[in-house]
Amino acid sequence: MSTTEEFTSSSIDQTRIGGQTVLEYYAECQRDETKAVAVAAIETMIQVMEKSEAETLQGLVKEMNDVIDILKRTDGNVTSIESGCKLFIRFITLESSVLLENLPFNQCLNMLIARGNKFLGEMSRARLKIAQLSAQFIENGAVVLTHSLSKCVLEVLKGAALDGKRFHVYVTQSGPDNSGIKMFNKLRAMNISATQILDAAVGYIMESVDLVLVGAEGVMENGGVLNKIGTYGIAVCARSSNKPFYVVAESFKFVRLYPLNQRDIPCNLKYNSSVIKENCGDTRFEHPKIDYTPPDLITLLFTNLGVLTPSAVSDELIKLYL
Amino acid sequence: MDKQAIEAAKISGHKMTPAEKKALRQAKKQEKLKGSSSSEISVQVKEATKKLSNTSISPQQPKTVTDDVAEQKPDGDTTMTTVGRMGEKLESSILNTNKLQHVETTKSKKPQLTKAERRALQESQRATKTAALPSDGKSSVKTPINKPEEKSIDVKPSKDRVTPAAGIVSKRDSRSLFGHLPQRDPTLRSIPQLLPGCGLNLTPSSILHPVILRLGLQYANGRICGSNARCLSLMSAVCQLIKDHRTPPDKELRRHLEEQLALHMAFLHRCRPLAVSQRNAIKHLKHHINKSIPVETSEYEAKSILVDTIEQFANERVHLAGTAISQIAANKIQNDDVILVYGFSSVVLKVLQHAFNAGIRFEVVVADGRPKLEGRVMLKRLITHGVSCSYALIGSLSHLLMGGRIHKVLIGAHALLANGCVISRCGTALVAMVARRGGVPVLVCCETYKFSERVQTDSFVFNELGDPQELLQHNGDPRLAAALTNQSSSYLVALNLTYDITPSEFVTMVITELGMLPCTSVPVVLRVQSTELTE
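Note that the protein sequences, when read in sequence, are chains A and B. Each residue of the first sequence is one higher than the one before, counting from 1 in our numbering. Each residue of the second sequence is one higher than the one before, counting from 323 in our numbering.
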C-alpha cells in the first residue's frame, strides 16, 4: 500500500496500518548511526504531523501520543524516545493559544511543523554545543574513564582530540552486549589512545584515572541519571576515590521521572519490550539493561543548556514543564 | 499672622535676620500649643498605655527565666508600640460599632497633632522612661530578665524592628541559652491572663472578635494542633472576622481591616506563636487586601471578594493540594511495601488512606515519641480505616530501619525552608537520619503553601518551647515530684522543643501538589510563586 492511501483511511485504521510505516520510517531514520535515537524519533513524529488529518490540536496530540507508544515498543533506548517526544509535544504546543484559536487548523499545523523543525534543528546541534562546553574539562595529559557506547561522549572526546589535546581513555567492555568494544574501536579509528578494560577492573583502575565521563539514557527530575548497567558501580567507586564523575546528556533526555532506588525504575525502561512480552510481565529472572545513579554521586552534568549541577536539573525541568 | 508677616516681608524685599525668623517660628509654635486643648489628654492616653505595658511585663512573683522572656515576644512588642498609638483610633472605632459593647471613655475626640508636637511628646516620654529606669529594674525595653543581682542593660529598640534578646546572656546561667525561644506559659489559660501582654487597656470582649478569642484559647490549650488544622481554623475565623467587620465612616476599609487583622494576629501569637502555614496564609490575605480591591468598591463587595479569596486559598492550597499529593504519592507505594510513619500528619494520613482505597496492599509501622504521643492518634485513624499497623517508640528506630524490613519512610512537615531543610515535629530528624543510614528512602509530603523563605541550619536558632512539665514524670514518688515541680530552686531545666530541623541530605524526595521534587527545588518553587504574585 502506498503512503498516501494509508493516511487517507479512517483514524483508527491509520494507527494500525500507519504503525507499520511509522516503524519503517523510524528504522530508516536510524540508519545514520551518529544520529541520537530521540532525534530519529522526532523526525518520525514530524513526518506524522505532515501527513496528519487531525482537525483539532487535541486530535493531533493524541495521534502523536499514539506514535510515541508505537515507538516505545521497539528494542532500543526507550527512555530518550519518551523524553524527547514528550518535550517535543510540549515545545510545539507551547505556542500562544490566542494565535491557535484565530487561525484555521491547517495554518496552525504548518506553524507547529515549523516549530517542530526548529526544535529538531536545535537538538541536532546539541551535541556540538556540549562538546564545546566540555572541552575545558579535559586537560592535556588527562586519563579518562568511560562506560559503554555513548555518542555524546564520543563527540566530546573527538572535540578534545581535534583541539590538539593528548589524553588517554579507558573503556569498559560493558556486558552483556559488549557495546564497549564498539566504543573502543571508534576511539581507535579517531586516533585517540584507548585501552579496553573488563567491567570488573573498574575498581583497580580508578586510582589511575583523573575523571569519569559517561553518557546518559535519561536524566531524572532530581538530577540522577539512567544509564547502561554498571554506571552506578562506577559512580560509587569514583566517589570513594574522590574522582569527579561527569555525565554528558542533551536536554531532550530530561524526563519527569523520579526513582527512589533501583527497584523503582519502571519496568519498560529496564528491559527490552520484546523480553517483557516473552515473559508476560514476569521479569524477576531477567537481567536489567540500565541502572539508576543518584544525584549525590554526580559532580556535574554537561548539557546543551549549560554545565549544570544535579539540583539545577529540577530547575530546568520546572521551567520547561510548569 | 506669621505667614502673612513672612509673605509681606518677602514682597517688601525686606530680608529677615535669622533671629527674626527664629522668633516667628517660636511664636507660631506657641500659638498652636495653646490652640489645642486636647493635647494634654492625648499625652495622658499615651502614658496610660505605656504604664500598663510596663506593669504587664514586670512580673511580681518569681518566675523562671524562660517564662519571663516568653512574655516579651518580638511581635508583641511592635504591637505594643503601634497599639499604643492606635489607642485613639480604636476608641473612635468602638464608638461606632454596633456589635461590640460600648466602652465608656472619658477621653474626647482629639484633633490631629502636628509632627513637631508628636516628636516633642515622644521625647518627653522617653525622658520619663529613662528617668524611671534605675528605680524600676525591669523596663518595657527588651532585655532578658536574668537573676535580679545582675544589671539589666538598656537596649533601645529600633523604630519598628525589635532586636532579639541574644547577646545579653549570662555565662553562669545556662537556661538563657534557650532564652531566645518563645514559650507558652502554661498558667495562662484564660482570656484575662492572655490579653494584658498585648498592651490593650480595654476590657476583654470589647475589642477582639469572640471567634478569635475562642481560637486563641484553643491554640493555647493545645486543642487545635497541627499545621493544617491551625491554618484552616485561622482562615475560617478570619472569614468570620471580615464578615462582621464594620468600617467607621471616617476610615478607609483596607487600612482599618489591616489594623484589625494585625491586632488579632498579635493576640493569637501571644496565645501560641504563629505557624509558618498561618503566616503564609495571612501574607496571602494581606496581599489581596492591597491588590484585589479597587478603591471604589462598596464595603459589601470588598468583603465578599476577600472572603472568596480566603475560601479559595483554603480550598486550593490546602484541600485540593492534599488530594493531589495523595494521588502522586500513591504511585510510589507498591504492593507489599512496609511504610514507616512518625507521629501524626494529616497529609500522610490522607496519602495512606488513598493508597489503601486504591487497592494497594501495604503495612504501616507507626513510630511515636513523647511527650506528645501523637502517633497514637495516627494509629487509631489508620486502624479504623483498615490498614494493618504496628506501633513502636522512637528508641527502636535503628532496629526497625537497619534490618531492611522497612521500604519507605513517609513524613509530614510543618514547613520547608529555602535551603531544603524540613521543619517537623521533634524526632523527625532522627527518623530521617537513621533511615538514610539504613538506605531507606525518605519521602516528605508537604503542600507548597508551607514553603518559607527562611533559612535555618539547626534546631536552636528558632523553635518553640513546650510545657517543661510534660517531660517530667514522677510516677507518684513524692520526693521526686517535689523536686521536679519546684523548678526555680533546682538545677534542672526541662527543655521541651516542639520542632526540629531535618537537613536536606537525609530527604530523598518532597511530594507537593506540583509533583515530586528534590529538596533543593524549594527556592525554585518560591521564585515561581513570587513571580505569579507580582504578575
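Treat the hints as calculated values from the structure; they're not laboratory data. Any given hint could be a false lead.
[Stated by the list, open to error] Chain A is faced by these chain B residues, among others (derived, beta-carbon under 10 Å):
#, residue
1, L535
2, E827
3, L839
[Claimed, not checked] Now the in silico label distances, taken between C-beta atoms and shown as ranges:
#, chain 1, residue 1, chain 2, residue 2, range
4, A, L120, B, L855, 46 to 52 Å
5, A, D210, B, L793, 50 to 56 Å
6, B, R536, A, N65, 50 to 56 Å
7, B, D780, A, N191, 42 to 48 Å
[What the hints assert, rightly or not] Pairs of lysine to aspartate or glutamate, EDC-like flavour, derived with a Cα cap of 20 Å:
#, chain 1, residue 1, chain 2, residue 2
8, A, K319, B, E854
9, B, K608, B, E638
10, A, K319, B, E827
11, A, K72, A, E28
12, B, K451, B, E439
13, B, K605, B, E618
These numbers were taken from a predicted model, which means no experiment stands behind them. Ideal placement from N, C-alpha and C gives every residue a C-beta, glycine not left out.
**Interface restraint verdict for B:E827 against chain A (beta-carbon cut-off 10 Å)** = 7 Å, holds
- Query: Should the hint that B:L535 touches chain A count as held when the rule is a Cβ pair under 10 Å?
  - Reply: Hint violated; B:L535 Cβ to chain A Cβ min 42 Å, cut 10 Å.
- Do the alpha carbons of A:K72 and A:E28 lie within 20 Å of each other, as the hint requires? 16 Å, holds
*Between B:R536 and A:N65, does the C-beta distance stay in 50 to 56 Å?*
54 Å, holds
Point to revise | Verdict for A:D210, B:L793 (Cβ pair) under range 50 to 56 Å | key: 55 Å, holds
**Proposed interface contact between B:L839 and chain A, which counts if any beta carbon pair is under 10 Å** = The hint holds - B:L839 has a Cβ within 10 Å of chain A, the shortest such distance being about 6 Å.
Is the straight-line distance between the alpha-carbon of A:K319 and that of B:E827 20 Å or less? 24 Å, violated
- Item | Cβ distance range 46 to 52 Å for A:L120 and B:L855, holds or violated | Violated - the Cβ-Cβ distance for A:L120 and B:L855, about 37 Å, lies outside 46 to 52 Å.
Hey, B:K605 versus B:E618, does the alpha-carbon distance stay inside 20 Å? Violated, at roughly 23 Å.
| said: Is 42 to 48 Å respected by the C-beta to C-beta distance linking B:D780 and A:N191? | reply: Since B:D780 and A:N191 have Cβ atoms about 56 Å apart, the given range 42 to 48 Å is violated.
Notebook entry, point to check: Is it true that the CA of B:K608 sits at most 20 Å from the CA of B:E638?
Noted result: 18 Å, holds
*asked:* Holds or violated: B:K451 and B:E439, Cα atoms, limit 20 Å.
replied: Distance ~18 Å between B:K451 and B:E439 Cα, so the pair holds.
In this structure, the hints that do not hold are numbers 1, 4, 7, 10, 13, in rising order.
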